[in-house]
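Undergrad: Each chain is listed here by its residues.
There are 4 protein chains.
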Amino acid sequence: MFKHQIRIAYRDVTVGNHVYYARYLDLLEIVRNEFFRTLGHPLLQLQEQGIIFPVVECSLRCHAAARYDDLLDIETSVTNLGRVQFTLGYEVKRGDVLLVTASTRHAATTMEERPTKMPTGLFEALKKETEGHAPSCPSV
Amino acid sequence: MFKHQIRIAYRDVTVGNHVYYARYLDLLEIVRNEFFRTLGHPLLQLQEQGIIFPVVECSLRCHAAARYDDLLDIETSVTNLGRVQFTLGYEVKRGDVLLVTASTRHAATTMEERPTKMPTGLFEALKKETEGHAPSCPSV
Amino acid sequence: MFKHQIRIAYRDVTVGNHVYYARYLDLLEIVRNEFFRTLGHPLLQLQEQGIIFPVVECSLRCHAAARYDDLLDIETSVTNLGRVQFTLGYEVKRGDVLLVTASTRHAATTMEERPTKMPTGLFEALKKETEGHAPSCPSV
Amino acid sequence: MFKHQIRIAYRDVTVGNHVYYARYLDLLEIVRNEFFRTLGHPLLQLQEQGIIFPVVECSLRCHAAARYDDLLDIETSVTNLGRVQFTLGYEVKRGDVLLVTASTRHAATTMEERPTKMPTGLFEALKKETEGHAPSCPSV
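Residue numbers (numbering that gives the first Met the number 0), protein chains in the order written: chain A, 0 to 139; chain B, 0 to 139; chain C, 0 to 139; chain D, 0 to 139.
Please keep in mind that the hints were generated in silico from the structure rather than gathered at the bench.
Treat the hints with care, as some may be off.
A pair holds if it fits inside one copy or across any two, identical chains being indistinguishable in the list.
Claimed, not checked - The calculated lysine to aspartate or glutamate pairs, modelled on DMTMM-like cross-linking and capped at a C-alpha distance of 25 Å, are:
1. 92 to 112
2. 116 to 90
3. 92 to 111
4. 126 to 69
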């Protein structure tokens, strides 16, 4: 379970001072990016090797609204793993309050967007992250 | 089935010239807004009456990438309707090519974000939109 | 003077129901894109010929706030023109009310971001747009 | 001189892997927000007291492009200070390389967007930040 903190800005909220729904997906990318860096496989390095991981499916469920200046904890974990695709689950919390659950499914592709296998080192690193905990986030 | 065209801008795309996944949700809002206006129930007017329709759940599935300057057709229809909640399905197309399917579930709430029933006039207008066609979009 | 209409969405506004300042720059791109298409030189076509026009400088002045669902008229004109750089001025209005004035200065570059001369046909088309009117927008 | 680090994400960049110009303004808000917090006057707290600081003017000058996954240092300082308005200057750097200079002018207003004087405590705190250094950023 990887955790990253993000502060909500005016740019993220709309009328009524709640985070605009699409902005959550923007935030998830930040968390994903740091998760891969922490794993030892920064997405930029993978991109430089010719492999990217576009989102092919995602879902979002909003239980309560995040507000301007909230400091959110966003947790992510690998909920499904293959050689070509993987799914991440996310929980967005303000303190102990669960605000949003989400998931993103990614396909490994070349820069020309052809499906490809992910590097073995990355697969092994992601596999370690899936062991020993039952994912609580809904899979896509 | 309501249809609206949107042109993709540089702001919508990222490295590799494909639309950034969260941007699709931004585009869906534009379509929704025009759909309600066409129904005779502009969302602004409903907001001025104290009723808003925040997204409580959404999903997105990307089949192929949209690119800079693409002129997309986005179709929406009501796939589920209650007095307090409704779900819209979407298909994003470039010509005949289906790029993205999506759905958004909305709850009618007061400005203080308490659930409320939608006005009868709106319910009837949405109901007409659900008649006579089987929705092809996945419900959330 | 080229004019284009844009509808403000929830994604564009923040707490207090006014358009977030950075969003105006997003809107200006939409207008620019349509302006070049109308000139007969779509930016996509120029990009495919290896020439892009990144913003090297811009300014924004907000006189009054735009709101959710406002239908804005955005006017643009060429306020300065060289072979390698040009400046556009913008006026954002709601009906007769001037809300925002802005300008963007662009450099013609190759895809590798080296300065280059713009095609003669484009230069001539832009030149026609500068004739016969004194620009009212502040140049950058 | 206040300094804050921000990592560039895929959401911030466009075709050609450079940061989309409007996104810099989004990033400046993050820095501003942390600057006021560090001063002991969080913008949220001021908002709760009924005072906000919308941008009334801003400018941006791009010297070189920021890229995906760049870790940028953004410095800000008070370049002009009155009881009702103030201007911040910014420098965006990647290591020692200056990428962008910018400025934002803000007006203190009530929630109803009427001009007002800022609280004395805030004025004094901002004044301290203007002393003893000549601003290098262009004022708006």
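Undergrad: Hints first: check each against the structure and report whether it holds.
TA: Hints, one by one, checked against the model:
In this assembly of identical chains, the alpha carbons of residue 92 and residue 112 lie at most 25 Å apart only when taken from different copies (19 Å versus 34 Å within one copy). For the homomeric pair residue 116 and residue 90, neither the shortest alpha-carbon distance inside one copy (28 Å) nor that between copies (29 Å) is at most 25 Å. Within a single copy, residue 92 and residue 111 get their C-alpha atoms only as close as 36 Å, which misses the 25 Å cut-off; across copies the closest is 21 Å, which meets it. Taking the closest pair of Cα atoms, residue 126 and residue 69 never come within 25 Å of each other, the shortest separation being 32 Å inside a single copy and 28 Å across copies.
In this structure, the earlier hints numbered 2 and 4 are contradicted, and the remaining ones agree with it.
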